[in-house]
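Trainee: All chains should be built: construct the whole structure from the sequences, respecting the hints.
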Amino acid sequence: MNISRRQILILLPAAAVAWKSVLAGTPEASPNYKMSDHWWGMLIDISKCIGCGNCVRACQTENDVPDGLFRTWVERYHVSDENMTSPEVISPDGGKEGFPVAKADEGKYFFVPKMCNHCADSPCTQVCPVGATFISPDGVVLVDRTYCLGCAYCVQACPYGCRYIHPEKKVADKCTLCYHRITKGLTTACCEACPTGARQLADLKNPRDPIHEFLKTHSVQVLKPQMATGAKVFYSDLDGSVR
Amino acid sequence: MSGVEGFMYPNEVGLQWSVLIVLYPFITGLVAGAFILASLERVFRVEAVKPTYRLALLTALAFLLVAPLPLQLHLGHPERSPEMYFTPHSTSAMAMFGYVYLWYLMAVLVLEIWLDYRRDIVLLSKSSKGLLRLIYGVMTLGSSNISERSLAIDERVGWIVTLVGIPSAFLLHGYVGFIFGSIKANPWWSSPLMPVVFIFSAMVSGIAGVMLLYMALTRLRKEEIDMPCVDTVAMYMFYIFIIDFSLEMLDLAHRIYEADESFRSLNFMVHTKLYFSQIVIQIFLGTITPLALLLATQVVKLPEIARKRIYVTAGILALVGIFAMRWNVVIGGQLFSKSFLGYTTYKMGLVTREGLLVAIALTLLPLLFLWVLVKLLPPWAEKGAPKAVAAD
Amino acid sequence: MSVFKDAGHLFRFAGLFVLAFLAFLVVRHFVVPKSFGQYGHYRGAAIGEIAARPVKFAGHEKCETCHTDVMDKKKDGRHAHVNCEACHGAQDQHAGDPSAAKVVLPDTAVLCARCHTASAAKPKGFPQVEPADHSQGLPCETCHQPHNPGLDTPKTDTPKTDAGGAK
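Chains as they are written, first to last, in my numbering: chain A, 1 to 243; chain B, 1001 to 1392; chain C, 2001 to 2167.
Read the hints as simulated data drawn from the structure, not as lab findings. One or more of the hints may lead you astray.
FRET-style restraints, in silico, Cβ to Cβ [unchecked claim]:
(1) C:A2100 to A:A104: 43 to 51 Å
(2) B:A1152 to C:H2029: 39 to 47 Å
(3) B:S1090 to C:G2015: 24 to 32 Å
(4) C:F2024 to B:S1127: 31 to 39 Å
(5) A:G230 to C:A2113: 34 to 42 Å
(6) C:R2078 to B:L1350: 56 to 64 Å
(7) B:M1106 to C:G2008: 14 to 22 Å
Yeah, the Cβ is synthetic: ideal placement off N, Cα and C, and Gly gets one too.
Mentor: Printed below as a string of structure tokens:
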């Protein structure tokens, strides 16, 4: 086949770019997905959560989460009027099989699903000694399993208790915001399984994402705002007693 | 769930950092403290403590060689630890460990020991036989120059190395304090005082350790303990201990006064789960008692035998107290929930990789290393032989 | 010069350092992964590896491509926004090869109770019943078609009984 000089001049730089991308791995999971188009977060509406535990079970199935450890879990709060700053909290097996029936009393009850907050200024990525945990360009805090030493410094640094050391892989592990799903246009396993729409994936960079409308019309909170972590999981109707 | 009172976030129930992570700052603290004692003579010209100079350096080296072991045993993937050298993350205090350790080992300790012992090494390389001759030969780096001039140069360079070694020792141990002190997620750890408290308590432990080793080795060699030396060492230990205690009390007073959101939970923890290790062992037995004993020697003229007994008792209690302090920081910091609503229990294994037996072995291993070093590089001349003139 | 003669040993010590440093640089060049630093202080290829992990839940859109009949039944009822796999579990294998992976229908006694058992902890407006009082031990699907659970929806075979249905 005769390749003209002109063709080589065009092909060579293109090949070089392609080769560089091959060497670097393929970050885009689906051909249409561009990381720079997204900035992921989540919306959790406390008024809708019924504590069924679907999200905990779905996450465990989707991500092979080891028993006794949780990438997401649900807490049940019981706040009495006399003592609003000291709630009673339970999370039996992370809320995986739901909760025991609560008897009505003078206090109030509500459920709080918890997960990694995919902080924009995350203290966990700050302390990693080797760069095994990081925030991706599209806003998801991830762990590189082949690079992590398992020192557990990130587990200590997370104010929300969402990290753990995987008992078999011996590396840090946590919610990945189902990165392997959201990069293919699916939603997270927990959002898919939630029957009431209490949990919704949010793309803060997408102008058509419903979260923008929601943020305009509702009060939202983040967990432990005083830590200034830049948490991107937004709660609606979060009571002040939530830890 | 067993061992849990109240509520803990589900992933918090099992402790991440075990007794080995308690041992690590204790060991590097001994290294830093022993080195500071050595620098008292070398840089600050406190002649009285000269008899402990070489022993202090060898002690520091023996413990420094063991220091990475508890960390390696703790890591999920110790084979990946070279990543800290190849891609250290500049925002992580832990990332500096590899470089600070290597710097302190090679550019400070090994260099200083080598410079101080070089004359002896060259002489020993000529007088030994067999394997020892080879070892000493390698240690000379092929140079047998021990002329007046070369030794004078060694002295000068050694002085500079010790001078640089002081902030290096502070960095070697202070960064550990910063590892804890910079974690805003944990109110038991998060404090600007943490690196300072670590350093001062390290100095107490290192000085106490070398003092005890000096007294024990001198007795074993059937020599007379140099009392002016030990009196001076104990005096420095006393004053540094006062500063350490003051800093810890300052932290306590600040916590009680400000009573922030974590206070109620932490206060309860200190009165229950940590009562024995913190109030009884660390504060009462490990700090106030040795301070009172040492105070007695400072204000009352006591006979030599009484002083010796007090120094040994105070030294041992101080070491126990400083170990308890590391325990209370590391383990204590993981016993309470970050929700401030509950507590868990530390289940220390016995024969597991991070268990009690391993911890005991790692505490004894430096003494074994020290024994080898003392045999290889004797800190003192043999009884009866003319004293080898150490570079002065 | 005499200073070099008497300081030769120091230069040898320093020389060891320099050699070690050069060796370190060489090893580092080969050991550090190529994609490290591509997007930040981490191995850029990790992103692709994580994105390539297997999917277990198909997502309701995939179910709807085949099960349009169920979609029609669901879309006007109270369970319109309850996704298929919320009750049926992860079915991506089935979606990929429907005949090969058979779907096991959920046990309604356990499944429905999880959401709908009355508890003071649940939001007041949420439909919830006391299971013992509500159905006298009869299975939920006696009166409620799970895809469209309203009582006015026709059942396949069981007649409507006045069981004091959910609010």
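Trainee: The structure should be examined with respect to each hint, and the outcome stated for every one.
Mentor: Results of checking the hints against the structure:
1. C:A2100 to A:A104: 43 to 51 Å: holds (49 Å)
2. B:A1152 to C:H2029: 39 to 47 Å: holds (42 Å)
3. B:S1090 to C:G2015: 24 to 32 Å: For C:G2015 against B:S1090, whose Cβ atoms are near 29 Å apart, the range 24 to 32 Å holds.
4. C:F2024 to B:S1127: 31 to 39 Å: holds (36 Å)
5. A:G230 to C:A2113: 34 to 42 Å: 40 Å Cβ-Cβ, so the 34 to 42 Å window holds.
6. C:R2078 to B:L1350: 56 to 64 Å: At 57 Å between Cβs, range holds.
7. B:M1106 to C:G2008: 14 to 22 Å: Hint holds: Cβ distance 19 Å, inside 14 to 22 Å.
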